[in-house]
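Based on these hints, arrange chains B, C and D on the given structure of chain A.
Number of protein chains: 4
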Amino acid sequence: MVLLNANYRLTVTLHDIDAAGVMFFAQVFRYAHDVYEQWMTQQGFSLAQIVREQQFALPLVHASADYHAPLRHGDVVDVILSIAELKNSSFTLQYQFVPVAGQSVNSINQVNPPAVTVTTVHVCIHQQSGKKRALPNELVNVFNGGR
Amino acid sequence: MVLLNANYRLTVTLHDIDAAGVMFFAQVFRYAHDVYEQWMTQQGFSLAQIVREQQFALPLVHASADYHAPLRHGDVVDVILSIAELKNSSFTLQYQFVPVAGQSVNSINQVNPPAVTVTTVHVCIHQQSGKKRALPNELVNVFNGGR
Amino acid sequence: MVLLNANYRLTVTLHDIDAAGVMFFAQVFRYAHDVYEQWMTQQGFSLAQIVREQQFALPLVHASADYHAPLRHGDVVDVILSIAELKNSSFTLQYQFVPVAGQSVNSINQVNPPAVTVTTVHVCIHQQSGKKRALPNELVNVFNGGR
Amino acid sequence: MVLLNANYRLTVTLHDIDAAGVMFFAQVFRYAHDVYEQWMTQQGFSLAQIVREQQFALPLVHASADYHAPLRHGDVVDVILSIAELKNSSFTLQYQFVPVAGQSVNSINQVNPPAVTVTTVHVCIHQQSGKKRALPNELVNVFNGGR
Numbered sequence: 001m002v003l004l005n006a007n008y009r010l011t012v013t014l015h016d017i018d019a020a021g022v023m024f025f026a027q028v029f030r031y032a033h034d035v036y037e038q039w040m041t042q043q044g045f046s047l048a049q050i051v052r053e054q055q056f057a058l059p060l061v062h063a064s065a066d067y068h069a070p071l072r073h074g075d076v077v078d079v080i081l082s083i084a085e086l087k088n089s090s091f092t093l094q095y096q097f098v099p100v101a102g103q104s105v106n107s108i109n110q111v112n113p114p115a116v117t118v119t120t121v122h123v124c125i126h127q128q129s130g131k132k133r134a135l136p137n138e139l140v141n142v143f144n145g146g147r
Numbered sequence: 001m002v003l004l005n006a007n008y009r010l011t012v013t014l015h016d017i018d019a020a021g022v023m024f025f026a027q028v029f030r031y032a033h034d035v036y037e038q039w040m041t042q043q044g045f046s047l048a049q050i051v052r053e054q055q056f057a058l059p060l061v062h063a064s065a066d067y068h069a070p071l072r073h074g075d076v077v078d079v080i081l082s083i084a085e086l087k088n089s090s091f092t093l094q095y096q097f098v099p100v101a102g103q104s105v106n107s108i109n110q111v112n113p114p115a116v117t118v119t120t121v122h123v124c125i126h127q128q129s130g131k132k133r134a135l136p137n138e139l140v141n142v143f144n145g146g147r
Numbered sequence: 001m002v003l004l005n006a007n008y009r010l011t012v013t014l015h016d017i018d019a020a021g022v023m024f025f026a027q028v029f030r031y032a033h034d035v036y037e038q039w040m041t042q043q044g045f046s047l048a049q050i051v052r053e054q055q056f057a058l059p060l061v062h063a064s065a066d067y068h069a070p071l072r073h074g075d076v077v078d079v080i081l082s083i084a085e086l087k088n089s090s091f092t093l094q095y096q097f098v099p100v101a102g103q104s105v106n107s108i109n110q111v112n113p114p115a116v117t118v119t120t121v122h123v124c125i126h127q128q129s130g131k132k133r134a135l136p137n138e139l140v141n142v143f144n145g146g147r
Numbered sequence: 001m002v003l004l005n006a007n008y009r010l011t012v013t014l015h016d017i018d019a020a021g022v023m024f025f026a027q028v029f030r031y032a033h034d035v036y037e038q039w040m041t042q043q044g045f046s047l048a049q050i051v052r053e054q055q056f057a058l059p060l061v062h063a064s065a066d067y068h069a070p071l072r073h074g075d076v077v078d079v080i081l082s083i084a085e086l087k088n089s090s091f092t093l094q095y096q097f098v099p100v101a102g103q104s105v106n107s108i109n110q111v112n113p114p115a116v117t118v119t120t121v122h123v124c125i126h127q128q129s130g131k132k133r134a135l136p137n138e139l140v141n142v143f144n145g146g147r
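Chains as they are written, first to last, in UniProt numbering: chain A, 1 to 147; chain B, 1 to 147; chain C, 1 to 147; chain D, 1 to 147.
Hints in this document: simulated from the structure, not taken from any laboratory.
Even for Gly, the Cβ is constructed at its ideal location relative to N, Cα and C.
Computed spacing ranges between beta-carbons, pair by pair: (1) Pro-136/D with Arg-52/C: 28 to 38 Å; (2) Leu-3/D with Leu-3/C: 56 to 66 Å; (3) Asp-66/C with Asn-144/A: 24 to 34 Å; (4) Pro-113/D with Gln-42/B: 32 to 42 Å; (5) Gln-127/D with His-62/A: 38 to 48 Å; (6) Gly-145/C with Ser-82/D: 51 to 61 Å; (7) Gly-21/C with Lys-132/B: 19 to 29 Å; (8) Val-2/C with Thr-92/A: 23 to 33 Å; (9) Ser-82/D with Arg-9/B: 35 to 45 Å; (10) Val-140/A with Gly-145/C: 44 to 54 Å.
With the Cβ distance kept under 10 Å, some of the chain B side facing chain A (calculated, not the full set): (11) Thr-13; (12) Asp-16; (13) Asp-18; (14) Ala-20; (15) Phe-24; (16) Arg-72; (17) His-73; (18) Gly-74.
Chain A extracted, bound-state conformation (with noise of 0.2 Å):
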């Protein structure tokens, strides 16, 4: 598991809540999925110029998260994300979001548990046949931290 130096922070906003009063289940996995991308492009594989480009495309082959607390309008949360998993043609990428309790939480030493942890797994395809192919070496790079 390597820590992949990305801290987000997020609000919990009126319309994650559902009629229940926490937040909707399925809203973890849309805030992953930016965290995701926000990282990607920051690490220079913006996915609007993967999709562009049409070299490879990453889609998810699985999706998971376990809910251990709920979260809660107004809610401050950290999404600490790291790489669980890295193989020649896919990779895992684990999201903890994290209660901040008062005070900013910016190691992974923070006392709060996490109220979610996600999980996705991402395959390398070739867009335009759909077959598994080895993930570009530079990408590879970035999740070793070779950056």
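Below, chains B, C and D without anything else, positioned relative to chain A:
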């Protein structure tokens, strides 16, 4: 204003509701578009096919909603679709979100007033150039009830 | 695995699709929950009523999805609901998203394999205290097909 | 029209895009509300707190958007917030979605015209009765720039 004989029933879901306990205002635009897409498909104008064939596109240039009464979790609502204006290269649709009071509401003569009224204005453009063009005759016929 | 005799048909909408041209992965969780809510209502367990009565709640503690094939704009999909596990205070639902190939698919024996499989685990808690409790007998009966 | 000195930058995400390859029209309403909620919080009016305290609510009675140019995946957009009208018990906000052309756009004098303009009208009501009431003085002061 021509009633398009289209009536779609929806039930307000758990996740349509926001932290204030009522349907989040932006949800009506998604529902309106789903009704539009379903109606178009039933008339032989699948949006998927239109996008694929790349002859024309029908982007929105305007959308608005007036909220008369809140919608709550579990409310059953009929969406009544009508065409408010038909021009050479654009059309205006109106969607009335009418709560169903204990029984079926299948006509424009229902007792309940709409909780929300949505209006969308679509313009017809060449898919490639983005320039305005006349609406296809077949689509004009559909709006005129000529089918 | 008990098939709940529940079958819901959906059509992939314009806005379900993302910039990569396929259904955004997180949408299946919204659809799964809508199927769950509709099925529960049909069994006499309106989620709106459950929330209002505040006797118990059924929050998710886990959700996952496996993506076997992409879903595209206009695809017609049957969602087949079954109960994978029933415990004293929790239950696990499975949703198979099966593309409909030109004709109706109404049985578990359909030819098409699922494009996506979703799993959700719900735990029963006291609404006020948040503490785990046994599932109501009436709900257990429903899951056992006792209705 | 009073500029509220509020400027929020967003990047159009993969899932904001629809099957037609541009941002789905309804997304701007979600973004507008997120800007509204963030701005209110920064002025000391947390919507979470307002909902919790149940003294007043600020539901929307009208929302509209004019789409001047499509927004595409990866576009960077500044949302410029201003107050268009302030009445005894209601206020009208305007949000200009201005694409950022290669460089920072931090003033109302930017060269780019807005791609989308959104308007929302909020009315102040008693949370319990739902009846119209005057806006709290503190909120009027904020809109008048008195802070």
